[in-house]
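Chemist: Sequence:
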Amino acid sequence: MRKKWIASVVALCIVFALDQSIKWCFLLQGYEAGDMIYHTDVISLLLVFNKGVAFSMFAFLGEWLKILQILLLVGIFVYLWKHQELIAEYSIPIGIIFGAGLSNILDRFIHDGVVDYIFWHYKFEFAIFNFADVMIDLGVVLILYLAFLRKDKSVS
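Quick note: the sequence shown uses the numbering used here, first residue 9, plus one each step.
Bear in mind the hints are in silico, worked out from the structure with no lab data behind them. Here a beta-carbon is modelled for each residue, glycine too, at the ideal position from N, C-alpha and C. One should not assume that every hint holds.
Claimed, not checked - Derived CB-CB ranges, DEER-like:
hint: 1; residue 1: W32; residue 2: W72; range: 21 to 29 angstroms
hint: 2; residue 1: D49; residue 2: I14; range: 37 to 45 angstroms
hint: 3; residue 1: F68; residue 2: G42; range: 37 to 45 angstroms
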């Protein structure tokens, strides 16, 4: 079990470090909110500070959003601590999700909003997001995939 926790923490640290490094690459170059850094017909790099969550929802919560997100992560951590079998089964994706979530929460404290920069606009305009958001999606997909494999093995 200890190896699974270590794997989870390593995944967390890698995702956290990569996400923060990418964000600081933009910020240390002197870009400001609203700056178009790169543009193509499909995707652009546009720096924004998202005060809400996905699609800027709940931005009206202001400082409370930070507290709610921290409580959510703490609650999930406590749940996982009590259900160690979930860490054994999903250690890497859980680490990925926590690393990404912690990185976005850190942004709220340092920059007063999450640093977003990827703007997909091919055929439709999608929300502006960041590497951590992609990693959260990847972590969820991995959990679903592993759960499907596990269920498939138990049926055979």
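Chemist: For every hint, state whether the structure bears it out.
Modeler: For each hint, the structure was consulted:
1. W32 with W72: 21 to 29 angstroms: holds, 27 angstroms
2. D49 with I14: 37 to 45 angstroms: Since D49 and I14 have Cβ atoms about 44 angstroms apart, the given range 37 to 45 angstroms holds.
3. F68 with G42: 37 to 45 angstroms: About 21 angstroms separates the Cβ atoms of F68 and G42, which means 37 to 45 angstroms is violated.
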